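Participant: Just so you know, the protein sequences line up as chains F and X, in that order. End of the first sequence sits at 74 in my numbering; the numbers just go up one at a time, nothing left out. End of the second sequence sits at 1211 in my numbering; the numbers just go up one at a time, nothing left out.
Simulated from the structure, these hints should not be mistaken for laboratory data. Fair warning: this is a prediction, and the values are worked out from it, not measured in the lab. Think of the CB as a built atom: it goes at the ideal place given N, C-alpha and C, for glycine as much as any other residue. No incorrect hints appear here.
What follows is a list of derived Cβ distance ranges for each label pair:
| id | chain 1 | residue 1 | chain 2 | residue 2 | range |
| --- | --- | --- | --- | --- | --- |
| 1 | F | Ile73 | X | Ile1081 | 16 to 26 Å |
| 2 | X | Gln1048 | F | Pro46 | 16 to 26 Å |
| 3 | X | Glu1195 | F | Ile73 | 50 to 60 Å |
| 4 | F | Ala69 | X | Ala1179 | 54 to 64 Å |
| 5 | F | Ala69 | X | Arg1036 | 43 to 53 Å |
| 6 | X | Asn1158 | F | Val57 | 40 to 50 Å |
| 7 | F | Leu61 | X | Gln1177 | 41 to 51 Å |
| 8 | X | Ala1179 | F | Ile26 | 44 to 54 Å |
| 9 | F | Ile20 | X | Asp1049 | 48 to 58 Å |
| 10 | F | Ala69 | X | Ile1081 | 11 to 21 Å |
| 11 | X | Lys1040 | F | Phe12 | 49 to 59 Å |
| 12 | X | Arg1036 | F | Lys41 | 17 to 27 Å |
| 13 | F | Ile34 | X | Gly1163 | 30 to 40 Å |
Chain X is faced by these chain F residues, among others (derived, beta-carbon under 10 Å):
| id | residue |
| --- | --- |
| 14 | Phe28 |
| 15 | Ile43 |
| 16 | Pro46 |
| 17 | Leu52 |
| 18 | Leu66 |
| 19 | Ala69 |
| 20 | Leu74 |
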Amino acid sequence: MDNIVQLPNLAFFIKISGLILIFGYIIFTVVILIQTITMNKIIHIPPSSQVLTGVTVINLLLAISLFIAAVVIL
Amino acid sequence: MPDIFIANSKVKTQTHIDKKSDGIRKINRLHLRFTRDPEKITFQHQKQDEKIILLLRRHFITNLSWLLISAVLIIAFPIFISVSNDFANLFPFLPNGLLFFSALFYYLIILSYILISFMDWFYNITLITDRGVVDIDYSNIVYHDVAMTNLNLIEDVNYTKVGFIRSLLNYGDLFVQTAGGKENLEALAVPNPAEAARIIGESIGKGGTSG
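Given only the sequences and the hints, what does the whole structure look like? Please build it.
Facilitator: Listed below in C-alpha cells is the structure:
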C-alpha cells in the first residue's frame, strides 16, 4: 500500500487527470454556450437572453482560467 | 361650487397607480408567471404582423428542487472541509494546491448545474400568437424541439390541475389537440391553465393559414 502511495509519478498522474477533467469541462461549457446562442435565435427575450448569454460566457472564461491556472500551479 | 381638493387626490391616486403598475411591469419583464401580451419578445419564423398574445412557462415553484439541491451543494463543501480539517495531511502525496483547485472546479460544476437547470425552465416556452401556437421544448442542453400550429388547426384545448400544491398555487398542464396527423402540443405546469385554455379556446379558428 505504501509503495502505491509513494510512487513518484502519482502526483503527476493526478495532475494530468485533473487537467483532462477540466478540459472536458471546457468542452461542456462551450456546448452550453452554443446551445444558449441557438436558443436565443429561436426565442429572444430581452433582457434575460443577453444576461444568460453573458453568464455562459463567464462560465466558459472561468473554466479556461482554471485550466490555465492548473497547468501553471499544479 | 368648485372642488379644489379633488384634483390633488386624483393626482396622488394616479401617481400611486403608476408606481404600482411600474412595479408589476418590472416583475412581468422577468416573465416569471403567466404573461399576457409580452413586449419585445420575438421568435424564429415570426411573421411581420404576428402578435404574441400569451407567454406560458412552467410555474417558478417547479424550480424549487434544483434551487434546494444547489444551495445544499454550495454549503456542503465548506462544511466538509471544516469537519475534515486534516484533509491535506491525510494525503501528503497530493500536489500542492489540489484542494484549492478542487474547490474551484466543484463550484464551477455547481454553476453549470444551475445554468442548465435554469435554461431548462427558461427555454421551455409555449407562445400563443394571433396566428397560432408555438411550443418550444428544451431539455438537457442537447435537445430542443420547436412545434408550431395554426389556430385554425386546433380542435380542442383542455387542462388538468391535479394535487394540493397545484391547486394552491394555481398551476397545471395544458393540452392543445390539433387536427389531422399533426402532433398535439402541451404546456406542463403552467400558471393559471384555465385562463390560458380560455384564451386559446376563444382564438380557435381565428388564425390565418401561415404560422
